[in-house]
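Peer 1: For chain A, the structure is supplied; the task is to place chain B on it using the hints.
Number of protein chains: 2
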Amino acid sequence: MEKREIIIDLLGSDLGPEEMLEGARLVLEEFPNIHVALAGPRKLIEAAGLPEGRWRILEADKTVTNLDNPIEAFYSKEPVSVFKALEEAGRCDEVIGLINAGNTGALFAGAIRFLLADKSVRPCIAAILPTAQGGFTCLVDTGASIDCGPQQLVQFAHQGSDLMRSLYKLDAPRVGLLSNGAEPTKGNKLVKEAHALLAREDGINFVGNIEGNKTLSGLCDVLVCEGFAGNQVLKNSEGMAVNLITEIIKYGKMHNQPAAKEIAGYLMSRFDFASLGAGIMLGTKKTVMKARGSCNRTAVLNAARILVNLAENKSFYESIH
Amino acid sequence: MEKREIIIDLLGSDLGPEEMLEGARLVLEEFPNIHVALAGPRKLIEAAGLPEGRWRILEADKTVTNLDNPIEAFYSKEPVSVFKALEEAGRCDEVIGLINAGNTGALFAGAIRFLLADKSVRPCIAAILPTAQGGFTCLVDTGASIDCGPQQLVQFAHQGSDLMRSLYKLDAPRVGLLSNGAEPTKGNKLVKEAHALLAREDGINFVGNIEGNKTLSGLCDVLVCEGFAGNQVLKNSEGMAVNLITEIIKYGKMHNQPAAKEIAGYLMSRFDFASLGAGIMLGTKKTVMKARGSCNRTAVLNAARILVNLAENKSFYESIH
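Line by line, the protein sequences are chains A and B.
Per our numbering, the first sequence starts with residue 1, numbered consecutively.
Per our numbering, the second sequence starts with residue 322, numbered consecutively.
Calculated from the structure, these hints are not laboratory results.
Just so you know, these numbers come straight off a predicted model, no measurement behind them.
Just so it is clear, CB atoms sit at the ideal spot from N, CA and C, and this is done for glycine as well.
Watch out, some of these pointers could steer you wrong.
[Unchecked claim] Here are a few chain B residues that face chain A, going by a calculated C-beta distance under 8 Å:
no., residue
1, 533
2, 536
3, 578
[As the list claims (entries may be wrong)] The calculated label-pair distances, taken between Cβ atoms and stated as ranges, are:
no., chain 1, residue 1, chain 2, residue 2, range
4, A, 258, B, 468, 44 to 52 Å
5, B, 493, A, 250, 23 to 31 Å
6, B, 505, A, 14, 42 to 50 Å
7, A, 203, B, 468, 43 to 51 Å
8, B, 456, A, 14, 25 to 33 Å
9, B, 397, A, 185, 32 to 40 Å
10, B, 399, A, 182, 37 to 45 Å
[Unchecked claim] Using 30 Å as the maximum straight-line C-alpha spacing, the simulated DSS-like pairs for lysine-lysine come out as follows:
no., chain 1, residue 1, chain 2, residue 2
11, A, 192, B, 440
12, A, 253, B, 513
13, A, 192, B, 383
14, B, 513, A, 189
15, A, 250, B, 574
16, A, 62, B, 440
17, A, 119, B, 513
18, A, 261, B, 440
19, A, 119, B, 510
20, B, 582, A, 250
21, A, 192, B, 513
Next up, chain A with everything else stripped away, as it sits in the complex:
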């Protein structure tokens, strides 16, 4: 079997490079045949005591924070970890994918520069979210395509369908379009135009508009939307899950109800957005996992699991749950 390597960018996450390093350690423990390339400060990586012979360093001390301008960072003289990681991903055949938890704009700009699969197709970032029926819906785009046009939404439909075909072996993933009403006449200008295009697009199993309260109902396998709206769906779903789970824990304390803790724990395992892996960048030569800024070691491991599954063409993303 050929060598398989995952690149992990240690810099840019809210919990710091140490947490990302712990994620790398979990990856090496779970996958004895996987190697990692770690982008970050040499000293820190060397001191981590990772298993010998299965890691290498992409030395970089600089990162791009959310307050930095990604384009300026691009012309920095010192090596910037995210660009170094992306460049390496494009150069090395054995790299099966990359994990990053930093500035999305920088990741996006770097991916376009170093990893673009097709020059006519802009990448986007999908998220795989748990549905009420126990399955998963691919939400695309989740924030990379702010203010895009209708043709790009059609592109998302293809990219999302391809992903769900390979992750879940679906023959014809059902594609829904996020709108403010289920009727085909509902939507903003962009959605109405995209609706007309999707309805006649070859190779797309279009099931029509999906309303905001049905986004995670399992009515579609791919939910297409422009990046600003998709970002709201992703983050609002997470926020609501956190609000309700917090409320249950408070209730349990107030009413001395020990079952509340058990139920909150169960919901956290079903709707734990922080550990759900990460967003998946589509349209790049290598799979790029965009973890949340607040991503923890489990999120790194989950992202690696998806990379390994995609590389092995397996359909058991469910296994991470």
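Peer 2: Only chain B this time, still in chain A's reference frame:
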């Protein structure tokens, strides 16, 4: 005390005019000094046996469904209940507000025709949502202003602030702007432009961008957004609440855990979007409550409670919870 009347449009809701009539009955029971004017079919209303002397009929057999074109309905020869209700609200001084659960486009067109407060300001529809901290946030707009411009978002900030000042006696309601990141540089074109305007607007206590996972965190009293995005926040929050509550009930059955039902019931009372009253149209001469299509009798009663509170200049919207 002068006569106070609430107009209830019986037609257009998913559960039918009978459910709206039951809502009217609850309103008359709870508020002995309130009268109602009921827009709908004469026979049905007369057969309901409501308390004598406190109701009248605005006869109309026709409604506007979600599949109808609101503008065509406007030129209908037969009386259409929503237009009849709005016209009456504009004409009669004793009317303190109106409740409708039908086609939003028709309600909006009719409100502009019959009830516009200021010809230069388009109305919008706000929703008062429960926050994690036990308070409420006014989300504005929730779907009436699809594809609007930045100046209109500034208008929403004023309209929402006015509402929260009268409902909660807040001196300087904190106004947040929905975006895809907390930093001022984040947002689509519309949000970036609105951010610059809001930051220098007099009479607005602007607290900056609010991310999707913080919409109901209680960080602001008024959350401003364009209608398509607001519709996503409103419906997605509701959908997630329903998903998690359903999951708790399933868990309780599967693990024979009776406390699950108790906890689900508690969450339903805290996050019951269906009974939370309704959207509130702002920018009209009379308060118009836009209930959901699926609104039940409790939602009608809650909407009436808000109308009465606003008319009496009270700040106890909390009392409905």
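Peer 1: Now, for every hint given, state plainly whether the structure supports it.
Peer 2: Here is what the structure says about each hint:
1. 533: Status holds, d = 3 Å.
2. 536: The hint holds - residue 536(B) has a Cβ within 8 Å of chain A, the shortest such distance being about 6 Å.
3. 578: holds (6 Å)
4. 258(A) to 468(B): 44 to 52 Å: holds (50 Å)
5. 493(B) to 250(A): 23 to 31 Å: The hinted range 23 to 31 Å holds for residue 493(B) and residue 250(A), with Cβ atoms some 29 Å apart.
6. 505(B) to 14(A): 42 to 50 Å: violated (19 Å)
7. 203(A) to 468(B): 43 to 51 Å: violated (30 Å)
8. 456(B) to 14(A): 25 to 33 Å: Given a distance of about 27 Å, which is inside 25 to 33 Å, the answer is holds.
9. 397(B) to 185(A): 32 to 40 Å: violated (19 Å)
10. 399(B) to 182(A): 37 to 45 Å: Given a distance of about 28 Å, which is not inside 37 to 45 Å, the answer is violated.
11. 192(A) to 440(B): With a Cα-Cα distance of about 29 Å, the restraint between residue 192(A) and residue 440(B) holds, given a limit of 30 Å.
12. 253(A) to 513(B): Between residue 253(A) and residue 513(B) the Cα gap is close to 42 Å, so the pair fails against 30 Å, i.e. violated.
13. 192(A) to 383(B): holds (28 Å)
14. 513(B) to 189(A): The hint holds at about 20 Å.
15. 250(A) to 574(B): holds (22 Å)
16. 62(A) to 440(B): Not satisfied, since the Cα-Cα distance of roughly 55 Å exceeds 30 Å.
17. 119(A) to 513(B): holds (29 Å)
18. 261(A) to 440(B): Measuring from Cα to Cα gives roughly 54 Å; hence the hint is violated.
19. 119(A) to 510(B): Holds - the C-alpha atoms of residue 510(B) and residue 119(A) are around 25 Å apart, at most 30 Å.
20. 582(B) to 250(A): holds (16 Å)
21. 192(A) to 513(B): holds (24 Å)
The structure is inconsistent with the numbered hints 6, 7, 9, 10, 12, 16 and 18, although it conforms to all the rest.
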